[in-house]
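*Asks:* The residues making up each chain are set out below.
Protein chains: 2
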Amino acid sequence: MKLNVTQENLARALSTVGRVASSKTSLPILGNIFIRTDDNQLFIASTNLEIAISERIGGQIDQPGSFTIPARLMSDFISSLPNDTVKLQLEGNSLSIKSGRYTSKITGTSAEEFPALPDIEPTFTYQLNAQDFKRAIQQTVIVASHDDTRPVLTGAYWHTHEGNLYIAATDGYRLTERLLTKHDGGDHGAIIPASTLQDVVRVLRDDIETIDILFDDNQVRFLMGTIDITSKLIDGKFPDYRQLIPNQSDITASLQKNDFNRIVKIASLFARESGGGVTLETVQDEQVLRIQSIASQLGENTSDAEAAINNDGKITLNSRYIIEALSCFDAGELDFSFSGKLAPSVIMAHEKNPVYKHVIMPLKS
Amino acid sequence: MKLNVTQENLARALSTVGRVASSKTSLPILGNIFIRTDDNQLFIASTNLEIAISERIGGQIDQPGSFTIPARLMSDFISSLPNDTVKLQLEGNSLSIKSGRYTSKITGTSAEEFPALPDIEPTFTYQLNAQDFKRAIQQTVIVASHDDTRPVLTGAYWHTHEGNLYIAATDGYRLTERLLTKHDGGDHGAIIPASTLQDVVRVLRDDIETIDILFDDNQVRFLMGTIDITSKLIDGKFPDYRQLIPNQSDITASLQKNDFNRIVKIASLFARESGGGVTLETVQDEQVLRIQSIASQLGENTSDAEAAINNDGKITLNSRYIIEALSCFDAGELDFSFSGKLAPSVIMAHEKNPVYKHVIMPLKS
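Protein chains in written order, with this note's numbering: chain P, 1 to 365; chain W, 1 to 365.
Just chain P, with the same shape it has in the complex (with noise of 0.2 Å):
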């Protein structure tokens, strides 16, 4: 193998791929990235055997090959080097790497002995808006479990509904629901990784416009231009979610994002005590959200949002769950609905149609 690439493409896809590669695991290969000549480009991998991440760089490919090296330091070196070409050439059982005035030799391992990298034989296949898709991600991975007892909600419920394509996740304390697009094709459903959607996120460059998502029975594979990620699926039955979204509640409160979020942080700091409860009053004579917290030690709080009400009403929350629902909106108006003090209550956009739904159970007060 000996080929030339440019550093600012190499340590770029290192820097992607390598996130998955990890030297604590049993079988040490998984420390190493796999590297592979393919016609005029280099393909370069890694997996944790749940998950594979692959990119392909173009190169100048002198003689073909494959080998596999240890993944940080061989990242940590390219991105080190300045922007200019270079050279690898595999020499006995390790990869020289020059650059400039720079040059090193890495000990690595012979790519036969790295695992398989996943195949996907799609059954559905789906193409979104890449940065649209993000969002979604962001929006309901929040709440998945990270409770490994019930694997099912440790996942985002990928599914289709009358039609729309929706993804949904909950762990059992809130729930979210964004609706992704409109779909014709076949039923389908199954339950992804919040940690594979995460990983997703986090490689989904901002010059990517679309997105293609294939799955198979067992697997999903992501394709983001130059990038892919493939995962396995968890195995299992996704709760019944929708039933517990209030189609309707009796109380809603309008108003500002910002002024939400800074009465909530606020009183959440009044609420440290008391495992973050914080209680929410609308009022309608004064037209203001009212948040009350008490910390019987240190002091308490009571902070006013103006709001457009529509009826009086008190629920308990979790401070924390409504600030983490709030970074799930953009700054504008948002509508913050509940039925009384034992119903769920549900954070949405003040719009028709609202595409994302954010819905906290209450607390018992």
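Please note that the accuracy of each hint is not assured.
Repeated chains share a single entry, so a pair holds when one copy, or any two copies, can fit it.
[Unchecked claim] In the DSSO-like style, the derived pairs of lysine-lysine whose C-alpha atoms are separated by at most 27 Å in a straight line are:
id : residue 1 : residue 2
1  : Lys2      : Lys182
2  : Lys257    : Lys98
3  : Lys314    : Lys265
4  : Lys98     : Lys265
5  : Lys237    : Lys357
6  : Lys182    : Lys265
Hints listed in this document are in silico derivations from the structure and should not be mistaken for laboratory results.
Values in this document were obtained by computation on a predicted structure and should not be read as measured data.
Could you slot chain W onto chain P? The hints should help.
*Replies:* Okay, now just chain W, sitting in the frame of chain P:
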């Protein structure tokens, strides 16, 4: 106590002063901020008994008084408020805080229970350019020791010598010396805790032009605009470090800081196995500074930087020490000098009479 201040001034002062308050002490009141009205000002202070920070801000004082309140809650709350007038009023054992639509009560403790803040009757006073002083501190304390078994090395040595004022530090492996200014007062030496100097650097704002520094026998006070820091000195005798700075070296490489930095950073990647050791070689024929590192398992590296070289030589140094040393210099040409494998190496700006010297002891190789 009853007064009005602006949110902006109060938030800034609480953030400055609050860093010293800690709830992790056996004396809970040290986690509180002390506040006291002084004519038309509010005096805000905290202490951990080693160091005290205070700031004065302007305000409209309606009723004088003093009080102490939990530092973190107060600081987090005030910094979350919009920029508006904040009304503070003492009500029993609580401070009532109102600003616009935000109302809080924070439970506090009587000011009488707060430890006395330090007084100083200066025997030596200095006035320096504040921003030059800040840079000098950053350049020296970086090598102060973190090992409490030799307390004098955890400080920086402020001292006069042959008509000049210097500050110096060493951890036994490297040392720094910075000329501060000419000095024609009497002889003076004091060891200031490095942590105090780091606090001074952190709170010294960019718009402060001069700093006054006052010493008595066992304390130092820094006056920086509206902010004062007072700290205990470290008792003991600082080592006679001057004898360790080579007056002359056989070998000098003059090169750009950025080139030097890059070759050391790259070499350090391959030096992780060997505790960071890298070998630097001046090659007079080629007029390069060459750096080599070998990681037996991982590979090896050789990098060159263009340099003006007056002699051939080799020395082995800890790459982390070189990287930290280079962070103390501005971009531009540096002189890196040494005299064989066993003598200390020195880095200085390539100029006549450089004010700053950074010495690194060699590793045995």
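*Asks:* Give a verdict on every hint.
*Replies:* Hint-by-hint comparison with the structure:
In this assembly of identical chains, Lys2 and Lys182 lie within 27 Å of each other by CA distance neither inside one copy nor across copies; the values are 48 Å within and 61 Å between. Taking the closest pair of Cα atoms, Lys257 and Lys98 come within 27 Å of each other only across two copies (22 Å); inside a single copy the shortest separation is 53 Å, beyond that limit. For the homomeric pair Lys314 and Lys265, the shortest alpha-carbon distance inside one copy (18 Å) is at most 27 Å, but the shortest distance between copies (58 Å) is not. For the identical chains of this complex, Lys98 and Lys265 are inter-copy neighbours only, at 16 Å across copies versus 52 Å inside a copy, given an alpha-carbon limit of 27 Å.
In the homo-oligomer, the alpha carbons of Lys237 and Lys357 lie at most 27 Å apart inside one protomer (21 Å), although the nearest pairing across protomers, at 67 Å, exceeds that limit. For the identical chains of this complex, Lys182 and Lys265 are neighbours neither inside a copy (37 Å) nor across copies (52 Å), given an alpha-carbon limit of 27 Å.
The structure fails to meet hints 1, 6 from the earlier list, while all remaining hints are met.
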